[in-house]
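Novice: Chain by chain, the residues:
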Amino acid sequence: MTMPYYASAEQVMRDRSEYARKGISRGRSVAVLTYADGVLFIAENPSSTLHKVSELYDRIGFAAVGRYSEFESLRVAGIRLADVRGYSYNRRDVTGRVIANAYAQTLGAVFTEQMKPYEVELCVAEVGATAETDQLYRLTFDGSIVDEPDFVVMGGQAEAVTGHLRNTFRAGLPLAEALAVGVAALATVSSATAANGGGHDRMPAEQLEVAVLDRRRPKRAFRRVVGAALRTLLDPQAPEADAVAADPAADESPQPAHAPSRPEPGTPPGLGDPADIDTAGGGGAGGGGAEVAPATQDGTDGGTGNDGEADRLGDTAS
Amino acid sequence: MTDASTGRSGFSPAYLDRVGSSFTDFLGSSAPDLLPGRRTLPAVPVGELSPHATTIVAATYAGGVLMGGDRRATMGNLISSRDIEKVYAADSWSVIGIAGAAGIAIEMVRLYQVELEHYEKIEGMTMSLDGKANRLAAMIRGNLGAAMQGLAVVPLFAGYDLDAAEGTSPGRIFSYDVTGGNYEERGYASVGSGSLFAKNSLKKTWRPGLSAEAATHSVVESLYDAADDDSATGGPDPVRRLYPIVYRVDAEGAVRLTDAEVAAVADTIITERSARQDEEG
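Residue numbers (my numbering), protein chains in the order written: chain A, 1 to 318; chain B, 319 to 599.
Please note that a few of the clues may not be correct.
[Stated by the list, open to error] Computed spacing ranges between beta-carbons, pair by pair:
#, chain 1, residue 1, chain 2, residue 2, range
1, A, T112, B, A456, 39 to 45 angstroms
2, B, R336, A, A7, 27 to 33 angstroms
3, A, D93, B, E597, 43 to 49 angstroms
4, B, E484, A, A160, 33 to 39 angstroms
5, A, G172, B, L359, 54 to 60 angstroms
6, B, R336, A, A160, 43 to 49 angstroms
7, B, R559, A, D93, 44 to 50 angstroms
8, B, D335, A, A9, 54 to 60 angstroms
[Unchecked claim] Pulled from the structure, derived: some chain B residues nowhere near chain A, Cβ distances all over 10 angstroms:
#, residue
9, A349
10, I422
11, H436
12, G442
13, D555
14, E590
Everything labelled a hint here was simulated from the structure, so no lab data went into it. Predicted model only: the values in this text are computed from it and were never measured. In this text, a Cβ means the ideal position worked out from N, Cα and C, and glycines have one as well.
All chains, full assembly: derive it from the sequences and hints.
Specialist: The structure is reproduced here in structure tokens:
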């Protein structure tokens, strides 16, 4: 039997760290920011179905960068842990800390015991009753866990984005402003913007995956912001009708299966009324009673017109 | 969690296995003791020792479907509860009503709610209505052994079909038997001890394409009729202000009617019936 060349533990760990860092830095960035009503996830992600941001539980969300297959299995594991805990104890007993700890243990074990570390970086965000109780946990490939106060930036060139956010971020911004701050920070490094050789003045809506954990919502706080709602939020000046007219593909696109109903005319686009029920999986046992209606865009992937954007993406990206 | 085979914390391999979106299947492999169908069964019939929930009715109407249930649970000849809730929202687009052994049934409803939400979170989209009906059938099938010992659970499932073709009714009702048989019903359905009387009542009052108000009236009246003739079904109780639980599922989602709404309908029915009595009197 041939003995492998001796490598010190220090060297092995350093090599693994370098390998993981390289893998992560190749990807696009994700920013997770607190805002007045909760937590805002902004990911640069041209795919409308392969999500980087997800719901884990009622008040807990998840964002990840790196290798999709690896963070996808971690995302599913987090959902399973949350649901098993919520089912065997109570929904209130599921906390972000528990899930973040499980992630930290798993990442740490994989990092030390396996040849190849996970090339992922995760953020577990939990929205509380007040802004003070919001939690952002940042988890790195080696299992270290940090509780960040205001925002977390992960992925390629996270340092540059963080630097930009340090100057522009303020706590307690309203949603549209927080989104503008976050998108501007991501745009400084994004290859889609003109500054970096792309074809856009600023980040286009179809390059972004945006979701919020809205503390005002009664049960499931997670909600995706897609389609016309996202365009309106990104550019409040442009009337929504123009935004839709400028995107003919959105009208022709087939409705995704199980699309939620359209909102009543006059309901605010996008986030809808926080008192609304969840589009699916919502009203718990004995819940309800209130006269509420689901808004258009929620947990289901691809709301109105989202598929059209994905189609269009092929043209704009080339 | 329960799987400590690796001897350290963090997710066990079952958690990290990406294949599969079913919560029940996952529990079956990682924590089977949490599943209602996996326990050792009592050797003797124990049906008399556990509370039983009774009549559930469901009826379609022009814009969706309604489901209602009375508030009584019985244990042998005793009324074990006057205010039990037997109709639940399974998710935002479907409702489930339960008849049979109340303890197992409520546990099954909780599991079913998590099952639907779990699928939705993992897949990023809602399960189809037929898929939901089939998942429920599988759950009932797992309870067959307990059913043989007097702990049968028979649900009624109804939902708004988001994929319904143009011109077909989006409100759909599925009934089950103890073996997990799954039958789609046309128009209206009922399960539980008072179902015979409730169904007869609906047969006379229900018409295709009723308005929501008329259908609510039909549903509450059928529960009244069931309570009239079946000792295990409770009627409206104005003294304690206990009224049937009625859920409406339409394009806007599943909504529980407020007690005030149901009370108004129940009071109308009582007034109508007592007026008729006066005429005859």
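Novice: Decide, hint by hint, whether the structure agrees.
Specialist: Verification of the hints:
no.: 1; hint: A:T112 x B:A456: 39 to 45 angstroms; verdict: 41 angstroms, holds
no.: 2; hint: B:R336 x A:A7: 27 to 33 angstroms; verdict: 32 angstroms, holds
no.: 3; hint: A:D93 x B:E597: 43 to 49 angstroms; verdict: 58 angstroms, violated
no.: 4; hint: B:E484 x A:A160: 33 to 39 angstroms; verdict: 52 angstroms, violated
no.: 5; hint: A:G172 x B:L359: 54 to 60 angstroms; verdict: 57 angstroms, holds
no.: 6; hint: B:R336 x A:A160: 43 to 49 angstroms; verdict: 32 angstroms, violated
no.: 7; hint: B:R559 x A:D93: 44 to 50 angstroms; verdict: 33 angstroms, violated
no.: 8; hint: B:D335 x A:A9: 54 to 60 angstroms; verdict: 30 angstroms, violated
no.: 9; hint: A349; verdict: 6 angstroms, violated
no.: 10; hint: I422; verdict: 15 angstroms, holds
no.: 11; hint: H436; verdict: 5 angstroms, violated
no.: 12; hint: G442; verdict: 4 angstroms, violated
no.: 13; hint: D555; verdict: 18 angstroms, holds
no.: 14; hint: E590; verdict: 26 angstroms, holds
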